[in-house]
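Q: Spelled out from the first residue to the last, the chains are:
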Amino acid sequence: MADIAAQTTQGDADITAESLEFRGKTGEFFGIWIVNVFLTIITLGIYSAWAKVRTNRYFYGNIYYKNSAFEYTADPIKILKGRLLIFGLYAVFYVSLELLLNPFMAGIIFIFALIMMPWLINRSIKFRLHNTKHRNIRFVHHAHSGKYYLFYLLHGLLYVVSLGFSYGYSLSEFKKLLFDNSSYGSTGFRYNGKPDGIYWQLIKTAGFTILLFVILMIFVLIISTLFAPLFADGASSMDSDSKEAIKKGAIFVLVGIYLAYFVLIIVGKAAYDAFVGNYVWGSVSLEQTRFKSTLKATTLAWIYGTNVLAVIFSLGLFTPWARVRITRYKCKNFAISCPDISSFIAASQEDATAIGEEAEDFFDIDIGF
Amino acid sequence: MKIFGEYFDGKSSLAHPVEITIIDDYVVMIAGEGVSIKTTLDDIHISSRVGNTPRLIKLQEDAVIHVSDNDALDEAISGFWHNSTNAHGLESRRSIIILSMVIMLISVLYFIFDGSDKVAKALAYNLPSVVEKKIGTQALEFIDEEMLKPSKLKKERQKEISALFAKFDDAKEYTLHFRRGIGINAFALPSGDIVITDELIKFSEGNNDMIFGVLAHEIGHVKRKHSMQMIIKASMVGILVGYFTGDVSTLATTLMSSVVQAKYSREFEREADAFAKDTMQKSGVDPKNLALFFEKMSKKEPTHTETGYFDSHPANQERIDALLAP
Chain A
1 MADIAAQTTQ GDADITAESL EFRGKTGEFF GIWIVNVFLT IITLGIYSAW
51 AKVRTNRYFY GNIYYKNSAF EYTADPIKIL KGRLLIFGLY AVFYVSLELL
101 LNPFMAGIIF IFALIMMPWL INRSIKFRLH NTKHRNIRFV HHAHSGKYYL
151 FYLLHGLLYV VSLGFSYGYS LSEFKKLLFD NSSYGSTGFR YNGKPDGIYW
201 QLIKTAGFTI LLFVILMIFV LIISTLFAPL FADGASSMDS DSKEAIKKGA
251 IFVLVGIYLA YFVLIIVGKA AYDAFVGNYV WGSVSLEQTR FKSTLKATTL
301 AWIYGTNVLA VIFSLGLFTP WARVRITRYK CKNFAISCPD ISSFIAASQE
351 DATAIGEEAE DFFDIDIGF
Chain B
1 MKIFGEYFDG KSSLAHPVEI TIIDDYVVMI AGEGVSIKTT LDDIHISSRV
51 GNTPRLIKLQ EDAVIHVSDN DALDEAISGF WHNSTNAHGL ESRRSIIILS
101 MVIMLISVLY FIFDGSDKVA KALAYNLPSV VEKKIGTQAL EFIDEEMLKP
151 SKLKKERQKE ISALFAKFDD AKEYTLHFRR GIGINAFALP SGDIVITDEL
201 IKFSEGNNDM IFGVLAHEIG HVKRKHSMQM IIKASMVGIL VGYFTGDVST
251 LATTLMSSVV QAKYSREFER EADAFAKDTM QKSGVDPKNL ALFFEKMSKK
301 EPTHTETGYF DSHPANQERI DALLAP
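Going line by line, the protein sequences match chains A and B.
Residue 1 is where the first sequence starts when you use my numbering, and the numbers rise one by one after that.
Residue 1 is where the second sequence starts when you use my numbering, and the numbers rise one by one after that.
Keep in mind that the hints were calculated from the coordinates and are not lab data.
Treat the hints with care, as some may be off.
Covered stretches of chain A (chain B as the covering partner; in silico rule of three or more C-beta atoms under 8 Å from a C-beta of chain B) [unchecked claim]: (1) 19-33; (2) 60-70; (3) 115-129; (4) 132-138; (5) 304-311.
The beta-carbon is built from N, C-alpha and C at its ideal position, and this holds for glycine as well.
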């Protein structure tokens, strides 16, 4: 296995990587999005499954690699079933806890949901990959739920025992589970990353987050010191009492804390997505094909931060703009070097049917990975 | 009519450029290098349109043709299908988009305002009493300095009213303060400090049942955490506005004045009235005395709203009727 990897790394030096191209437009997506929102509201949420399918079809269908668009083929009914199940479980949980005041029943539902979780995650991944196509070849995930149960049991335990320090190792193992059991048609993905690589990216993530956070906070501090005299003037005319000024200062600090919290989350997520994401994709191979993610933590933080603000202050109306913007950036920074795009073969008929049935006879739930 | 597309057989990722011809709105001819298929519109499935993403013509055995020219395809099949799936029609019609926008904005605004009420209520009921005490005492200090004057009421009369106040079930949790200088008024702070003015006591013309009713009403506000909810709501909006504009001093003043100038909503007044009515009935006092107070207030002078900062009790017939109802 190791020498195949070595061989291919040498072989692909001369193949140039080509970026994904995103052809979606804010104006066009706005129409789709706003009608989705409208129909979801008037159908009390039922349409949300169709909305999700149309949204995914729009995004997948606008991502091109070598002039061919991706395809999203999910059936909205299956997504609706998944959502109804989750909603139903939650409703029963809520009713038994809050209205019937029956913590025993609520507890049973909670444990049931917990036990189901690895299975649901597995099915969800299968569903998502199965419903993604490029050049009419389906992606496949063929891991059995057993592997997921083993993973969550083992790594859950490890996490507790190691006081959380096993996170990097577990993440590495999860990526391995994910990629090594996935394929494009009959061609398998392989994850060649190492835990120490992930740990190094996590350290970079933490370092970057702290650094940028400190810089931003110093900046805020300077601004607020500059504004402080103005602010004190206004206060003194109101009250001679210094107690009042302290009260106002406290509110100032409170606003600052909100701001700091917001900045920390955005910067942290951007750094994680950039460092860990770039590393993981750099470690994935699909036979001769290699992937290269070149996200920049600073640019990502800027896009995330301004997107959140734009969406909040436009009361949601800028959501399509934000989504198109982030997708365009991510596509531009995701390159694939593939020696021959025309030579991939679909999964064998028996495999495709078996996995397809398994993926299709259940549904998608919205879990982020 | 000719349409160009890329044919994929579903077995390999090799693309075959093809030309699609639809004859007599029914027969479909697909021709390209290594591909020659004759089928009909009944035997193929064309995916619905989403923006300008490529359409998929699904043929037998997993074969698919990607067609990028959406308009040409729509035109070619318009004679056969009268566009059965119409989501794209909605998504590209300006009037529908504007209607959707309006409905969405109304929903978002409704959620923000209704949601903030609920959050304020939940927070108000779960705040530690230390916070309520702190806010209440500070507010009282502030108002004492700025607006209130010490009471000039005779000691005996004060004692009489304090005795009245002591009749409440949990009177120990509240403190009654006598003040003057803000017209006919009474108000309650989250800490359980209740202020009644000399002017109000004089206005009652010795009707102690009326005063009892007013005090019960104020206790109702404390019990239902009304002022705390108002403060939380004011600070939520204040923090947002302050954050947006960067103007912190206005934020601070709004916050303080919201404590003081709390104009309760009709709902809060109704709740406090209901509480007062209940308490009065339990203590053997006729609720009509409180109704009488509202009536007297509204008769006294139509401009009474200008008399004091704390006049947040607009007397109205509805409230009087509710108190008089059996």
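Q: Please verify the coverage claim for the segment 132-138 of chain A: does it have three or more residues whose C-beta sits within 8 Å of some C-beta in chain B?
A: Since 4 is at least three, the answer is holds.
Q: For the segment 304-311 of chain A, do three or more residues have a beta carbon lying closer than 8 Å to a beta carbon of chain B?
A: violated (count 0)
Q: Using C-beta distances, would you say chain B covers the segment 19-33 of chain A, given that this needs three or more residues below 8 Å?
A: n = 8 at 8 Å, threshold three: holds.
Q: Closer than 8 Å Cβ to Cβ for three or more residues is the test here. Does the segment 115-129 of chain A pass it with chain B?
A: Contact hint for the segment 115-129 of chain A vs chain B: violated, 0 residues under 8 Å.
Q: For the segment 60-70 of chain A, do at least 3 residues have a Cβ located nearer than 8 Å to some Cβ of chain B?
A: holds (count 5)
Hint check: violations occur at hints 3, 5; the rest are consistent with the structure.
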